[in-house]
Amino acid sequence: MLVLPAIDLLDNEAVRLLQGDYSKKTVYSSEPEKMIQVFEEQGATLIHIVDLNAAKTGKSENEVAIRKIKANCSVELELGGGIRSLENMKFYDGLGVSRFILGTVAVEDPSVVEQGLKTYGPDRIVIGVDAKDGLVRTKGWETNSGIKYTDFLKKMYLMGVRHVIFTDISKDGMMAGPNTAVYLELLSLFPDLQLVASGGVSSIEDLVNLYEVSHGKLFGAITGKAIYEGKLDLKESIRILSKKRNEN
Numbered sequence: 001m002l003v004l005p006a007i008d009l010l011d012n013e014a015v016r017l018l019q020g021d022y023s024k025k026t027v028y029s030s031e032p033e034k035m036i037q038v039f040e041e042q043g044a045t046l047i048h049i050v051d052l053n054a055a056k057t058g059k060s061e062n063e064v065a066i067r068k069i070k071a072n073c074s075v076e077l078e079l080g081g082g083i084r085s086l087e088n089m090k091f092y093d094g095l096g097v098s099r100f101i102l103g104t105v106a107v108e109d110p111s112v113v114e115q116g117l118k119t120y121g122p123d124r125i126v127i128g129v130d131a132k133d134g135l136v137r138t139k140g141w142e143t144n145s146g147i148k149y150t151d152f153l154k155k156m157y158l159m160g161v162r163h164v165i166f167t168d169i170s171k172d173g174m175m176a177g178p179n180t181a182v183y184l185e186l187l188s189l190f191p192d193l194q195l196v197a198s199g200g201v202s203s204i205e206d207l208v209n210l211y212e213v214s215h216g217k218l219f220g221a222i223t224g225k226a227i228y229e230g231k232l233d234l235k236e237s238i239r240i241l242s243k244k245r246n247e248n
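For the sequence shown, counting from 1, position 47 maps to 47 in this note's numbering; every step adds exactly one.
These aren't lab readings, by the way, just hints derived from the structure by calculation.
This structure is a prediction, so every number in the text was calculated from the model and none was measured.
Where a beta carbon is used, it is the ideal one built from N, C-alpha and C, also for glycine.
Heads up, some of the hints might be wrong.
What follows is a set of in silico ranges between Cβ atoms, one per label pair, in the way DEER data are often shown [unchecked claim]:
no.: 1; residue 1: E87; residue 2: S242; range: 37 to 43 Å
no.: 2; residue 1: E212; residue 2: D133; range: 24 to 30 Å
no.: 3; residue 1: S85; residue 2: D233; range: 35 to 41 Å
no.: 4; residue 1: V27; residue 2: K155; range: 35 to 41 Å
no.: 5; residue 1: D21; residue 2: E212; range: 31 to 37 Å
The whole structure should be built from the sequences, with the hints applied where relevant.
Take a look at the structure:
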């Protein structure tokens, strides 16, 4: 199970929003590339990036930051937020992004997912499912699609999707621990899904718990605020999970 440090970009700065509210932001750095250099030094191999400008408007305002990040690190990058066309994927591919996270467009225009799978293959296409009260949210969490997340994921799975990031919005940024039950549910429904947990991971204990309850079947877990605020030691968490994998 990988630990994926998260960087949310807004106007070329690294920020965090409280439960997706754009009016409640905390700026962590005006130089996101330096944060990622530290993550790499601590052992991270895959970084999770969200373009918050594009997530809300469909237009990226963070190209400068993304270029600097790629120029200053050698880890793989996955990026989401406002990727709503094959042209968007080609743009980020040109910047060196390894995995494209499709959220809103997967709900509103699944044909774009099909195009992405055909062009880049299932290992580079990731579906980002953001849910609250059992229903999928879109457009930076601001729109309720009215679709049950299980129904949506079944559709994506049958289409050939195998990589999914599932975020429980009610847990995100609240430092209250992840919703382990939902990940067990999804792993039982879709056994060969490469599932990444997101939302509420606030300690090494949370990561160990996710690893143990899923019997190591989770692909990874995303954490951001806990790292920034010193509540989760990234290097130590990677060491502990690596040790657990070697024991099994």
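Against the structure, the hints:
1. E87 to S242: 37 to 43 Å: Check passed, 38 Å falls within 37 to 43 Å.
2. E212 to D133: 24 to 30 Å: The hint (24 to 30 Å, Cβ to Cβ) holds, given that E212 and D133 are roughly 27 Å apart.
3. S85 to D233: 35 to 41 Å: 39 Å, holds
4. V27 to K155: 35 to 41 Å: Given range 35 to 41 Å: holds, Cβ gap about 37 Å.
5. D21 to E212: 31 to 37 Å: 33 Å, holds
Taken one by one, the earlier hints all hold for this structure without exception.
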